[in-house]
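Peer 1: In UniProt numbering, the protein residues as written are 1 to 238.
Read the hints as simulated data drawn from the structure, not as lab findings.
Incorrect hints may appear among the rest.
[Stated by the list, open to error] In the PhoX-like style, the derived pairs of lysine-lysine whose C-alpha atoms are separated by at most 20 Å in a straight line are:
| no. | residue 1 | residue 2 |
| --- | --- | --- |
| 1 | LYS165 | LYS155 |
| 2 | LYS233 | LYS217 |
| 3 | LYS42 | LYS11 |
| 4 | LYS233 | LYS165 |
| 5 | LYS217 | LYS165 |
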Amino acid sequence: MQTSQQAMALKDIAPLADLTTSAANNYLVSLVRIGLAAADEKPGHYRLGPAALSLGVSAIQQIDGFEIVRREVTNLRDMTRRSAAVTTWTDDGPLSLFKQDGDQRGAFEFRTGLIPMLGSAAGKIYAARLPAGVTTHLIEQEWGAMFGGKPDIGKFREDAVRELKRRGYTTITRSDLDGYVSIAAPIVDWNGDVRFTLSLAGTRASMKVEPSSDHVKALLASASRATQSLGGKTDLRD
Numbered sequence: 001m002q003t004s005q006q007a008m009a010l011k012d013i014a015p016l017a018d019l020t021t022s023a024a025n026n027y028l029v030s031l032v033r034i035g036l037a038a039a040d041e042k043p044g045h046y047r048l049g050p051a052a053l054s055l056g057v058s059a060i061q062q063i064d065g066f067e068i069v070r071r072e073v074t075n076l077r078d079m080t081r082r083s084a085a086v087t088t089w090t091d092d093g094p095l096s097l098f099k100q101d102g103d104q105r106g107a108f109e110f111r112t113g114l115i116p117m118l119g120s121a122a123g124k125i126y127a128a129r130l131p132a133g134v135t136t137h138l139i140e141q142e143w144g145a146m147f148g149g150k151p152d153i154g155k156f157r158e159d160a161v162r163e164l165k166r167r168g169y170t171t172i173t174r175s176d177l178d179g180y181v182s183i184a185a186p187i188v189d190w191n192g193d194v195r196f197t198l199s200l201a202g203t204r205a206s207m208k209v210e211p212s213s214d215h216v217k218a219l220l221a222s223a224s225r226a227t228q229s230l231g232g233k234t235d236l237r238d
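Go ahead and model the full structure; you've got the sequences and the hints to work with.
Peer 2: Take a look at the structure:
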């Protein structure tokens, strides 16, 4: 789309991006949400969005880390058969950019777009790694619906920091009948900043969250490869 003089059809974008039509559609939906792409008046066609135009082509080309992580999402899904996703941080909170659905569908699928701080393993990583002033207002907004009562943001953040340092990843386990579980690991750039997070989702019966589990090992291996590609250090544990 950067080089095209007019809107491009989805069926033409997909092969150029080395993606299936379905994957390209998910990718474009994510880009539309953050303004880097826009749906054209002609159905099924896309063009650069206002955010991309304001950033300029040179800035867009600097998002090379996303392509690396996108490949890891697909590889992770293929290895584990569980839903996988990549998330980044925005001023509005954690944003799921790209996902690949696993064998289990329905409640165990990720979605693209803004995701919760408290109800996602990726959100816990940002709570642990970002300055408190960046995340506190989002945690406060979600606290009542998630936990009820007076927010204990300090404890939530301390628990997230402790888990991430001890294990190198974070977990979410729901006590409802669905038994939803999710794990996430950070992808760090050369400055030591969390650029992205990788996540897996499943059920307590189908996906173990202990460090010895194959799913956790696959997640950490993917995050480590992506971190190395971005010039970051691969082990954040104490």
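Peer 1: If a hint holds in the structure, say so; if it doesn't, say that too.
Peer 2: Comparing the hints with the structure gives:
1. LYS165 x LYS155: holds, 15 Å
2. LYS233 x LYS217: holds, 17 Å
3. LYS42 x LYS11: Holds: LYS42 and LYS11 sit about 13 Å apart, inside 20 Å.
4. LYS233 x LYS165: holds, 14 Å
5. LYS217 x LYS165: Given that 20 Å is the threshold and the Cα spacing comes to 16 Å, the pair holds.
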